[in-house]
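Asks: Assemble chain B onto chain A, guided by the hints.
Quick mapping for you: the protein sequence lines, in order, are chains A and B.
Each number in the working numbering comes from the position in the first sequence (counting from 1) with 42 added on.
Each number in the working numbering comes from the position in the second sequence (counting from 1) with 1 added on.
Rather than coming from a laboratory, the hints here were simulated on the basis of the structure.
Source: prediction; values computed, not measured.
Hints may contain errors.
Stated by the list, open to error - As a list, the in silico EDC-like pairs of lysine to aspartate or glutamate whose alpha-carbon atoms are at most 20 Å apart: (1) LYS346(B) - ASP303(A); (2) LYS284(A) - ASP303(A); (3) LYS284(A) - GLU515(B).
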Amino acid sequence: MSDRPTNVLIVGVGGQGVILVSKVLTEVCQARGLAVKQSEVHGMAKRGGAVFSHVRFGREIWSPTIAQGEADVLLALEWAEGLRWLGHLSRAGTLIADTRRIVPLAACLDRSWGAQPAYPRRSPEDLLAGIANGFAIDATGIAMDLGNARVANTVVLGALSAVLGQPAEDWQPVLARNVPPKTVEVNHAAFARGRAWIESRPEPRPAASPPARQPVGATAPMNGVRLVITESWCKGCDICVKMCPERCLALNGAQVVELSDAGACTGCRVCEWLCPDFAITVDRGGQEPRA
Amino acid sequence: MHEQPSLEAAGRNEAPALRVMSGNEAIARGAWEAGVKVAAAYPGTPSTEILENIATYPAEDVEAQWATNEKVSVDVAIGASFAGARALAAMKHVGLNVAADAFMSQTYIGAHGGLVLVVCDDPGIHSSQNAQDTRLLCRLANAPVLEPADAQEALDFTRLAFDLSERFDTPVVVRGTTLLSHTRSQVRVGARKARETLGFSEDREKNVMTPTNARKRHPLLLEREAKLRAYFEEADITRWEQGSADFGVITVGTAYSYVREVAPTASILKLAGSYPLPEETIGRFCRSVGRVLVVEELEPVVETEIRAMGIAVAGKDCISRIGELSPDVVRDGLARAGFIAPAAKPEPLPGTEVVRPPVLCAGCSHVSTYMALRALDVRVAGDIGCYTLAATPPLLAIDTVVSMGSSIANAVGMAKAGTERPVVATIGDSTFLHAGIPALIDAVYNQADITVLLLDNHVTAMTGGQDHPGTGRTLRGADTHRVDYAELARACGVEWVETVDSYDLGALHRTVREAVQFKGVALVISDRPCVLDPVKIKGPAFTVLAADCTACQACLNIGCPSITWGDERYDGHYKAQIDDGCIGCTLCAQICPTGAIQLAQS
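Next up, chain A with everything else stripped away, as it sits in the complex (with noise of 0.2 Å):
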């Protein structure tokens, strides 16, 4: 074996099982009398957050970190986790990515007319034309395809074990013991199919890709939108003001409803509908609602 060391990136978003993934590979290599070393960031990791595990093995590790541009293998669980550290990866080195996408909330947050999610919207053909190898599987829908979702982190690491070119068998006794005991057959089988996915040695091209959003049109300020208000019809009975998502109504010195913040009001009507008193109207200027 070459002095180099290997680098494998285990990248993924909290709960998806790149900790399992990076044990497994690190015990395995442990096995097989290589020094190696594993580190993580898991601090937040519970709490939904980009969740990564570098792992080293060969004859000498010194740094327990991987630098830009030379990790030999990037495991992706997740789609966009992937995109993000592909500066991580060699140019000659391989990637593997769940074409699975996790959207966070946080890519849900711009309320403005037609807004898109902020996810990256870079296709599995657009990516993998641009890296010497490449394999996009659809690792999450070959777990369903086992009825369990949950191990298609063990999906990738049957992959990974192909692309390494390490024998099945020096993985599956250190996978059975890290997983638990009532799942240790699916995750045997995961394990092949992740393997035989590599080893039936498709065109490195993407699976399906995962359905693109149509763009809505173009988003737009809601300058347009104003609310009504007939004073005379309002008690102050404060309904508007508590359930208004975007908490722009606020009631004034003389109990009425105004829009206290114009800018953050999307024109989603909930006050409109909410009034007991139909005392609220939203006009959208010229914006036609879509159904």
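Replies: Same frame as chain A, now just chain B:
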């Protein structure tokens, strides 16, 4: 190449009985091998697993316990040292601030039974409020600090620290970092050295820090410094690796691994720690090579001392004082110093940034409390815990967060200064026990008009679900007394105390409103267990009936990670969807204006 290759490193890869261990596991192992008898800690990332691992060793070997805060943990360890046992306290970097009072006195007293403080820094601020460099506090305390480079050294240095503590009559700090704590690598382990207790330290002049005694101890501190300096000159943990004569690198701790990675031919002086420094060895090393670069993480602690010796070295002019080191950072630093050629790497593949901040869990019992506060137009002083995330979108319900237990006294100050809005402090159960109680007493004593919201989720959640005095269970899982917060508050003089179910949004709104209206200190205990620990809670899931959803996205304001945009739209906005992470807390169903969120049909 190296004339003295690291034997230890070569051997490490061949010996069969190696175990893969994280730095934290190795520190625990080292302490156990050293015969530690009493170990205490308050949980704090990245140090938490040290005590959890010590607790995996037999109870007859070691007393392992959670302390209410870091000062208590250090005082417990000090007490054990007085009594003649080897003792350890582990904490994160900011924990040493809490324990600093005891630490700064104890350094004058020294150590009877070996006394070791393990302090884990967080240079990358992954899970902390700052990136303070513990080594500066060690310098301030005149206490020796050992800085392991990897898990093997974490074990070896921790074991050694106990010997040094007894030999030199001093508390010893083992300083780690996030990357040391959470990197797993092969470690050669040893056996436990069974130890007889030394018996109680019968020496009042040494153990009672009155001014008279302290004045006598101060010069002894400086003598101790000189002895330790001589020790580090001779000890093999100060490692000189002869390489190129053109340039040399002086480094310490995890930085060493990066130097070896990117400059395999350099001459390296690897220090065991940054205080006290083996000045003579450093002088000889610097004279043996053309130029010297000091590579250390965070502050220029070693560099400043070497410059004070009158030796010109490069250091922080080449490597940033900010953030974690990495192979890239160290390589760039060596290149900037002119020691190696700049990395000739191809352009990295273009990545794409993804916004994926940490969020409160689906069903988190903290969320509703902050929804109720947002409806009230109040000032909110926050505290340290998962709920700090309520300061971020979409909740945006916290105005300030300083340090453990700050919220209540911050609120007192805000109220006394006079604000246009009512003032509320929010604090978790574990944080309240850690440092909130003195502030609550202060608020009552000084007749402040504030509301305190105790977010009681029955566990230390942020660090992964540790027990504390409010859970009624010890670190080793034994039943113990459980603090009653309402009784405690009344005993402190709080006249208005109510407990409310965090999942009952209506009751919560009503209770918080009444509490804010109360003149004086009011305490609301918002009570629901954490959904992750100690038991993972999973109830019947909810779903969005798309036909009834008007895409008002009010449910997205909860900040639940299981609620995102679906594929359908209504009037230019995406309708909501709920994924399989839903645990059935019902909050979204309680606020949906159109009743579109209903129990999923199984």
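Asks: Of the hints given before, which are not true for this structure?
Replies: 1
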